[in-house]
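The task is simple: from the sequences and hints, build the whole structure.
There are 2 protein chains.
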Amino acid sequence: MDQPHIEYVSGGRGEEQETRERILSAARQLMAQKGYKGATTRKISELAGVNEVTIFRHFKTKVAILEELLKDILEVREQLEQGLQGEFANVKEMLITYARTYYHLLVERKEILMICIVEADNHPEVVKLFSSLPMTAVEVLGNKLTEFQEQGHLPKSDPCTAALMFISTFFYAFMAKYRVGLDVPIIDDEEQLYEHASEILLQGIRRV
Amino acid sequence: MDQPHIEYVSGGRGEEQETRERILSAARQLMAQKGYKGATTRKISELAGVNEVTIFRHFKTKVAILEELLKDILEVREQLEQGLQGEFANVKEMLITYARTYYHLLVERKEILMICIVEADNHPEVVKLFSSLPMTAVEVLGNKLTEFQEQGHLPKSDPCTAALMFISTFFYAFMAKYRVGLDVPIIDDEEQLYEHASEILLQGIRRV
DNA sequence: GGAAAATGAAAGCAATTGCTTGCATGGCTT
DNA sequence: AAGCCATGCAAGCAATTGCTTTCATTTTCC
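Protein chains in written order, with UniProt numbering: chain V, 1 to 208; chain E, 1 to 208.
Since the hints were derived computationally from the structure, they do not count as laboratory data. Treat each hint with caution, since some may be false.
Identical chains blur together in the list; that is why a pair holds if it fits in one copy or across any two.
Claimed, not checked - Under the rule of at most 20 Å between Cα atoms (straight-line distance), these lysine to aspartate or glutamate pairs were calculated in the DMTMM-like manner:
no., residue 1, residue 2
1, K71, E125
2, K177, D121
3, K110, D121
4, K43, E190
5, K144, E75
6, K156, E195
7, K110, E199
8, K60, E78
9, K177, E139
10, K60, E191
11, K128, D183
12, K43, D121
13, K177, E75
14, K34, D158
15, K71, E87
16, K128, E46
17, K177, E125
18, K62, E199
19, K144, E68
20, K110, E125
Keep in mind it's a predicted model, so treat the numbers as computed, not measured.
Given below as structure tokens:
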């Protein structure tokens, strides 16, 4: 009895993905697009390929679905710090790595982030969760920059604004691409953006 | 007959603000907070201090209210370019001025911007309007930077990423403050942020 | 094979919501 | 004084929506 009935094909239908997961996935997609109110349980059930009543067998209320979805944001800080674990050849390498980590983190959670942005005012839990995110990223980078300064790899200065500018760049790119649906080359070529932004943050545009 | 019945006190009540304006204002506020769907006509009427039926006497449908509100975004480009009209002592002054213009522009329209962000997926007109905004700001600044380069005040380089970073910073600050409700000193002291960000964009953090 | 678990199908209910209709009221203009 | 105009008030309607109940069916586990 080490492994009680985990892994079975969802009841009565020959599909692989668990019903519960399909519901969550559909809800995530719809809420991100249409907002919490716009994602009606009928629409969710349709997209999930499930009867509406099945939703309420898995989740007590509609809010419970939202709460379940929000759990994805919690371990952001650890992931960001983890991405900065190793040794770096120089500051620029560190910046590029951090940019990549952060941007991927945003893209991976794009639906939930959109839900947060859209529902920020309607659900207090969402605000609380979400508000921690933007500044966490700035903080973690700020700490790393300070570390580099103390090791003599960077001149001493207030790293806050620098971190803010760097993080902002990728958040903006993220929003432009995934929320507004903008399709501009400067944002589309991610690797180049990491590189250019790191260069500018270090050298400024006075010395190219 | 030069001036037909403009200026009268709103029908039957001793208040200054026109009914129509009060409705628009209430709708703007609610839609920004709760989204289009969350801003019910009942709530709008309450906040406006007006009977619900009055709303439909002024606007044919609820969507018509939204469309009216969106008109505020149209003249953004002109305003941005206008803020860059005069002569500047140096590049840094130009950047600070542009940052101030852009940030104020965002704050002045914060409700409508929130509506756009929240409703981007539900209303095609909104997407169209809104999608033009972020890159307009980047473009205008990019052009100005190119101009400075051609005048020999800046070394030649691709100004796109620089402009993107600069604009991003203030958009992020704007979102953090007005959407998420964050209250951090680095964002709260606007003038200092303009100054620091301009400095970093020009010199980088390698030479402070 | 048989019980239990999971799902589907149909119906519906109470609350909400965008919007309408009909009528009364009070101020403004002439 | 008279008529117009903007508004308030009460009622309501059709559609939507979150959620429930009942019953039949299929799948999984032992």
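Structure-based check of all given hints:
no. : hint        : in the structure
1   : K71 - E125  : within (11 Å within a copy, 33 Å between copies)
2   : K177 - D121 : between (23 Å within a copy, 13 Å between copies)
3   : K110 - D121 : both (19 Å within a copy, 14 Å between copies)
4   : K43 - E190  : neither (34 Å within a copy, 44 Å between copies)
5   : K144 - E75  : within (19 Å within a copy, 41 Å between copies)
6   : K156 - E195 : between (23 Å within a copy, 18 Å between copies)
7   : K110 - E199 : neither (27 Å within a copy, 32 Å between copies)
8   : K60 - E78   : neither (31 Å within a copy, 52 Å between copies)
9   : K177 - E139 : between (25 Å within a copy, 16 Å between copies)
10  : K60 - E191  : neither (44 Å within a copy, 49 Å between copies)
11  : K128 - D183 : between (32 Å within a copy, 13 Å between copies)
12  : K43 - D121  : between (23 Å within a copy, 15 Å between copies)
13  : K177 - E75  : neither (24 Å within a copy, 23 Å between copies)
14  : K34 - D158  : neither (41 Å within a copy, 38 Å between copies)
15  : K71 - E87   : neither (31 Å within a copy, 52 Å between copies)
16  : K128 - E46  : neither (31 Å within a copy, 28 Å between copies)
17  : K177 - E125 : between (26 Å within a copy, 18 Å between copies)
18  : K62 - E199  : neither (47 Å within a copy, 49 Å between copies)
19  : K144 - E68  : neither (32 Å within a copy, 47 Å between copies)
20  : K110 - E125 : within (18 Å within a copy, 23 Å between copies)
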